[in-house]
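Hey, can you work out the whole structure from these sequences and the hints?
This is what each chain is made of:
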Amino acid sequence: MTYRSSRSALRRLGLAAALLALSMSAAGEDAREFTAAELGRIAAHGPWPLPWTPDPGNRVSGNAAAIWLGHQLFFDRRLSANGRVACATCHDPDLGFQDGRATGRGLATGVRNTPGLLNVRHQRWFGWDGGHDNLWSASLRPILDPSEMGGSAQRTASVLRNDKALACHYGQAFGKRPHASDPELLVNVAKAIAAWQETLVSPASPFDRFRDALARQDARATVAYPVAAQRGLRLFLGRGQCATCHAGPMFTNGEFGDTGMPFFVKPNGVDPGRQGGIKRLLANPHNLLGPYNDDVTRNNATGTKFLRPEHRNFGEFKVPTLRNLPVTAPYMHNGSLATLRDVVRHYSELDEDRLHADGERILKPLKLSEEEIDDLVAFLKSLSPTIQMPVLAKPATLSACIADEPNARKPNDRQSR
Amino acid sequence: MTGRFCWQGVPIAVAMSIAAATAHAACPPATVDGAVVSKGELVLAYRPVANADKGAKPDRIPMAQHFALEVQLCEKGAASTARLHKADASMPEHKHGMNYRPVITSLGAGHFRVEGMMFHMAGRWELTFEVHAGKETVRLTHDVQVE
Numbered sequence: 001m002t003y004r005s006s007r008s009a010l011r012r013l014g015l016a017a018a019l020l021a022l023s024m025s026a027a028g029e030d031a032r033e034f035t036a037a038e039l040g041r042i043a044a045h046g047p048w049p050l051p052w053t054p055d056p057g058n059r060v061s062g063n064a065a066a067i068w069l070g071h072q073l074f075f076d077r078r079l080s081a082n083g084r085v086a087c088a089t090c091h092d093p094d095l096g097f098q099d100g101r102a103t104g105r106g107l108a109t110g111v112r113n114t115p116g117l118l119n120v121r122h123q124r125w126f127g128w129d130g131g132h133d134n135l136w137s138a139s140l141r142p143i144l145d146p147s148e149m150g151g152s153a154q155r156t157a158s159v160l161r162n163d164k165a166l167a168c169h170y171g172q173a174f175g176k177r178p179h180a181s182d183p184e185l186l187v188n189v190a191k192a193i194a195a196w197q198e199t200l201v202s203p204a205s206p207f208d209r210f211r212d213a214l215a216r217q218d219a220r221a222t223v224a225y226p227v228a229a230q231r232g233l234r235l236f237l238g239r240g241q242c243a244t245c246h247a248g249p250m251f252t253n254g255e256f257g258d259t260g261m262p263f264f265v266k267p268n269g270v271d272p273g274r275q276g277g278i279k280r281l282l283a284n285p286h287n288l289l290g291p292y293n294d295d296v297t298r299n300n301a302t303g304t305k306f307l308r309p310e311h312r313n314f315g316e317f318k319v320p321t322l323r324n325l326p327v328t329a330p331y332m333h334n335g336s337l338a339t340l341r342d343v344v345r346h347y348s349e350l351d352e353d354r355l356h357a358d359g360e361r362i363l364k365p366l367k368l369s370e371e372e373i374d375d376l377v378a379f380l381k382s383l384s385p386t387i388q389m390p391v392l393a394k395p396a397t398l399s400a401c402i403a404d405e406p407n408a409r410k411p412n413d414r415q416s417r
Numbered sequence: 001m002t003g004r005f006c007w008q009g010v011p012i013a014v015a016m017s018i019a020a021a022t023a024h025a026a027c028p029p030a031t032v033d034g035a036v037v038s039k040g041e042l043v044l045a046y047r048p049v050a051n052a053d054k055g056a057k058p059d060r061i062p063m064a065q066h067f068a069l070e071v072q073l074c075e076k077g078a079a080s081t082a083r084l085h086k087a088d089a090s091m092p093e094h095k096h097g098m099n100y101r102p103v104i105t106s107l108g109a110g111h112f113r114v115e116g117m118m119f120h121m122a123g124r125w126e127l128t129f130e131v132h133a134g135k136e137t138v139r140l141t142h143d144v145q146v147e
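Just so you know, the protein sequences line up as chains A and B, in that order.
Quick note on our numbering: the first sequence kicks off at 1 and runs consecutively.
Quick note on our numbering: the second sequence kicks off at 1 and runs consecutively.
Note that these hints are calculated values from the structure, not bench results.
If you're wondering where the values come from, they're calculated on a predicted model, not measured in any experiment.
Do not take every clue at face value.
Pulled a few chain B residues facing chain A out of the computed Cβ check, cut under 8 Å [said to hold, decoys possible]:
id: 1; residue: H96
id: 2; residue: M98
id: 3; residue: G116
Each residue gets a CB set at the ideal place from its N, CA and C atoms; glycine is no exception.
Next comes the structure, spelled out in structure tokens:
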């Protein structure tokens, strides 16, 4: 949006707010009269969904055959060492592709909360520490991690080569049957799984409808947005300063921060957060500076190329998106906060002594009242859609493989093979 | 998610009129979509450009997205040998800088490109340019409000 169009949108939002206030006043509601500045900030959190563009680093991004292959592999337990753990074991579709646990549990219990996967295409860094700069690399790691799936390139390649349907879909996606080396097949499997995850976009939420109603000056439609959520929105934009980091349509700036959460992990360990993530990223041959990046220009590697490690990175964790929170509890990098109310209370009672000496200076305890906490929670809940995610339909172009896959997963089949 | 760009340096129109009054018409540069800052005889003009993978269209500084700067240096009334040595930015109220370390490429004839910039938070950012002019090091700053 250009500056001119932004100003125009502001004017429209201002008029819409006036109409909204008038309408709600007439209806006897507790009208929220947003200022022009607030309206501009509300507009900046949309529109939703964002335009989808293929990932230039993944040559099968947006490829229907790859998406279908990735969908099958995402639920395939054969990729794990004991044949009992799939990607979907921790990334449950019914929980926003999270698992509902404080920390993930694959072959062993981990130390971090499993991130949800909805809208993952729009992220810059992957994992709580940003240890990956691309989705396919982030999808490859759990397959190999001994505490998650414990698989290997050899096992993955074997599954792919020996399953006629998977091999057929692989051929359709990559233009050749899976005869490449095991490491190359592993990367391509990860790229197919990434292509599937890129399709996971959450529908518009009540907030999105409110924001859009303001933009098109539809005062009647704005009334449908709960007044408590409107009060919470004002706090979010204003005194709470939440939008400083939870910015834009994704409600995250995609970067990292220390918000006073403990970084100690049992037993006697420390999670270095972003500091460790940067080290892992730069040592990873699957990062965007490496040979597996399909973008020959390397324009998509800007973030990795110019990274500046800082002392303050210790204990920093990724600023998570705030969309779809009600289905992705518990919260924070260590899953230590069970409810959204706990999260808001954390910021209300923030322990400044715990914050990094070199860290963010604007973080202060919000000292919210119980009513204000209720309002912020109402706002956060309004960032979740009220309708189900659409299920994946098999593209017609893949019919040639149907004879090979009598046991293929159906769109609503949640059982892993 | 782009931010409004509030220019607080030398107004471009004023800079342009200074240019017309000097013997060296190219100083300050004929910038129409950027900002000009100066210190003594040294003039620096810059404009943000979106990162190449977002399209190379000149634009305002986007919030939480990578961008590059095109920088031009000149000295009033003299042939300039000024060289851009360092470019960086910080948020004074937040007491931190960027998460990325920009790299400067000289394009010749006083032109430079700064890549790897990102303003990852809304608020006031202070851009800092360190210029080597002769034996002197000159520091120029410019405030940018990102929303």
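Structure-based check of each hint:
1. H96: Since chain A brings a Cβ to about 6 Å from B/H96, closer than 8 Å, the hint holds.
2. M98: Holds - the Cβ of B/M98 comes within 8 Å of chain A, reaching about 7 Å at its closest.
3. G116: holds, 3 Å
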